[in-house]
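Asker: Chain by chain, the residues:
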Amino acid sequence: MECVRLDGVGKTYDNGFVAVRDADLSVEEGEFLVLVGPSGCGKSTLLRMVAGLESITEGTLHIGGRLVNTVAPKDRDIAMVFQNYALYPHLTVFDNMAFGLKLRKHAKEDIRERVTEAAQILGLEDILASRPKELSGGQRQRVAVGRAIVRQPKVFLFDEPLSNLDAKLRVQMRAEIRALHQRLDATMLYVTHDQVEAMTMGDRIAVMRAGVIEQLDTPLNLYDFPVNRFVAGFIGSPAMNFFEGSLVGSSFREGEGGAVVSLTEAQVSNLAAGSGSVVLGVRPEDVYEVGAGAAAPAGAVRSVTVAPTLIEQMGSEVMLHASTPTGPMVARVARRPVLEPGESVDLAFDRAKLHFFDGVTGVRIPTGG
Amino acid sequence: MRKALIYLALSAGAVVFAYPFVWMVLATFKPEAEIGNLSLLPSVWTLESYRLVFETIPIVRAFLNSLVVAAVVIASVLVFGSATAYSLAKLRWKGRDTVFNLMLFTMMVPFMVMLIPLYTMIVEFGWTDSLIGLIVPFMMNATAVLILRQSFVTLPTDILDAARIDGCGEWRILFTIVWPLSIPALVTAGIIVFIGNWNEVLWPLMVIRNEDWMTMPQMVALFTVGGGAQARLGPQLAAAVLLALPIAAVYLVFQRHFIASLASTGVKG
Chain A
1 MECVRLDGVG
11 KTYDNGFVAV
21 RDADLSVEEG
31 EFLVLVGPSG
41 CGKSTLLRMV
51 AGLESITEGT
61 LHIGGRLVNT
71 VAPKDRDIAM
81 VFQNYALYPH
91 LTVFDNMAFG
101 LKLRKHAKED
111 IRERVTEAAQ
121 ILGLEDILAS
131 RPKELSGGQR
141 QRVAVGRAIV
151 RQPKVFLFDE
161 PLSNLDAKLR
171 VQMRAEIRAL
181 HQRLDATMLY
191 VTHDQVEAMT
201 MGDRIAVMRA
211 GVIEQLDTPL
221 NLYDFPVNRF
231 VAGFIGSPAM
241 NFFEGSLVGS
251 SFREGEGGAV
261 VSLTEAQVSN
271 LAAGSGSVVL
281 GVRPEDVYEV
291 GAGAAAPAGA
301 VRSVTVAPTL
311 IEQMGSEVML
321 HASTPTGPMV
331 ARVARRPVLE
341 PGESVDLAFD
351 RAKLHFFDGV
361 TGVRIPTGG
Chain B
1 MRKALIYLAL
11 SAGAVVFAYP
21 FVWMVLATFK
31 PEAEIGNLSL
41 LPSVWTLESY
51 RLVFETIPIV
61 RAFLNSLVVA
71 AVVIASVLVF
81 GSATAYSLAK
91 LRWKGRDTVF
101 NLMLFTMMVP
111 FMVMLIPLYT
121 MIVEFGWTDS
131 LIGLIVPFMM
141 NATAVLILRQ
151 SFVTLPTDIL
161 DAARIDGCGE
171 WRILFTIVWP
181 LSIPALVTAG
191 IIVFIGNWNE
201 VLWPLMVIRN
211 EDWMTMPQMV
221 ALFTVGGGAQ
231 ARLGPQLAAA
241 VLLALPIAAV
251 YLVFQRHFIA
261 SLASTGVKG
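Residue numbers (this note's numbering), protein chains in the order written: chain A, 1 to 369; chain B, 1 to 269.
Hints are not guaranteed to be accurate.
EDC-like cross-link-like pairs, simulated, lysine to aspartate or glutamate; straight-line CA separation at most 16 Å [as the list claims (entries may be wrong)]:
#1 A/74 with B/129
#2 B/90 with B/158
#3 A/108 with A/95
#4 B/94 with A/14
#5 A/133 with A/95
#6 A/154 with A/54
#7 A/74 with B/158
#8 B/90 with B/170
#9 A/74 with A/54
#10 A/154 with A/77
#11 A/154 with A/28
#12 B/90 with A/28
What the hints contain is simulated information worked out from the structure, not anything from laboratory work.
The structure presented is a predicted model; accordingly, all values stated were derived computationally and were not measured.
Next comes chain A alone, as it looks inside the complex (with noise of 0.2 Å):
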C-alpha cells in the first residue's frame, strides 16, 4: 500500500527561486525510500513539505491516503530526525524523547513505557537523565532517533542524519537505522547528500538535480543503467569515467591521443541512429590492466594508454589517476608493482559494461544490455 504519495508537488519561493519542480514519487509502506543529490539539489526542501515544515506550492501530497498538503506538521502522523539532532537543549533524554507524547495527552505510564522501550532498542538507558549537552554525538543522534520511534509515526522522515558525526560512528549507526527500520516495519523517507550511504540503505533510491527527480530506481538499477549521464556520475564510487567522442567507423574515437573502443555490432548499430557527439562511460572497477596477469573478462578490449598522475595503493587493489583529452579518469586494477614515473600502462575496457550517453542532452543511450 502507498504510505506517501506526492504528485507534481512543487516548490517556488516568493523571490521566483524554484527549489523543486513537478516531483512525482510514491513511498509504499514499509519500504526505505533516499532522497539523494549535491547540495541545494532539493532533496532537504522536498523532505520539509513531506513534513509540512515548507509550504507546498504545486500539487498534492498524501499520507496514508489523505490529502495533507495544508495540514499542520503535527496533525501529518510523521517523526522527524534533523542533521543537528534537535534536542532540546533544557530537557533531559527522557523529557526529550516524552515531550511529544505530553503534548498529544498520553497516559503517564504509556509514556514512560514507550519511552523506556525506545531506550532499550538504542542503548539509552543508562543516560535517560542526562541533558543533550553530556552526551557524545552518536548518543545525541540516538536520542533524536528515540524521539521519533517512540510517536510510532505512519512515516519517518530523517534530514542528513548522519553527516554530524565521524566516519566510523556513520557506518555503524548507518547499519543501526537500517536494522531499525526492520525491526519496526516502518516506512522511511531519508535524505542524503552520500552516495554510498544512499545505495547501502536504500530500497529504492531518488537521484535529484537542480529540484528535479532525474531517477527513481532500486541501488543496483541506478547503478547498471544511470538514465543519464548526471545519475552515472553521481552514483559509484569512484565516480565513472567519461570520455567524450563520435563513433567512427566500428569504433568510439575520443580524439587525438584518447581512448579507442572497438565496439560490438548492437552497440554500433544502436550509436549510429545517434546525433553523432557522443560520450562513453566505463567504471573504474570495468578498467582491466592489458597483460598484467589479471583475469580479464572476454569483452575486455585494449581501449587507452595512459601514463598515471597518481597512483593509490589500496592494499588489496590500485587505482591508477590519469588524465585523458577529454578529462580526467581512475582505473581500480589489480594489485601491481609500483609503476615508474612516466611509465604508461595500456587499459581495457569491459566491453559488456559500457555506458553510452547523448553527448548533447547526456541522455542514456540504450545499446541492447
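With the hints as your guide, set chain B onto chain A.
Answerer: Coordinates of chain B only, in the frame set by chain A:
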C-alpha cells in the same frame, strides 16, 4: 611597582564613584545637624530621617503603586515583547524586515516627542489619575524586543521545527522551548524595563495629580524638590535611599544573569 600604580589608580576611581553613594546612605542615619560635612560615620546612629519620611508622605502607598505598575509593565513587555521578538526572529512573513526597521526607528525617537500626543490620548481615554494611565503607554518596549530578538535569532531553527512536529503551536514553542533557552535575555530585558520604569518621573508628573496614585519616584521628587521636606536634608536623603533600594535589590539578585547576558548573546543548543 607597575601593578601597584594600577591598583592605586583604580582604587582612586572606585572612591570617586562610590563615595557619594556611601556618604548618602550613611548620612541618612545621622542627626540632621550633622549632615553637611564630608565625614562618613555618624556620631549617633538614628532613624529619625526615615521616621520623618514615613510620617510626612504616604511612601508605602507610592511604593506599592510603583510595584504594581512595574510588575504589570514587565509582564506585558516580556509576554508581548517576546512574541514580537520571536516573530521577528524566527517566523517568515511579508514585510517582516520593514517592521523590524520601523521598530528600530522608534527607538531613535526621544520620549519627549511623544509626550504631548500621548498625554492627549490618555486624557481623551479618561485615564489620568489612574494606574492604567501609567501602565498602558509602556506595555511594549522596542529595546526589550531588540534584546530578545537578538537572543532568539541564535536559537537553532531545527529545534523549533522539531517542536512543531512534536505537536507545539507557536505560542507553546515560545513558552516551553524559546523561553527556557533565553533566560539571560529575558532577565536583561526585564531589568532594563524595570529600571526605566521605576525611575520614570516625567510621565507620572503629567498624568497623576492625586497623591493616592503617585509612584515612588514622583512622590520622592515632589517631596525633595517640591518642598515637602522643608529643606531638611535627612528626610530627603532617606527618601532617595528608599527609592534606590529596590533597584539595588533587583540588581543583586539577578547580577549573574545580567552580566552573562551582556557578555554573550545567548544560549546555544
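Asker: Tell me the hint numbers this structure goes against, listed in increasing order.
Answerer: Per hint list: 1, 6, 12 violated.
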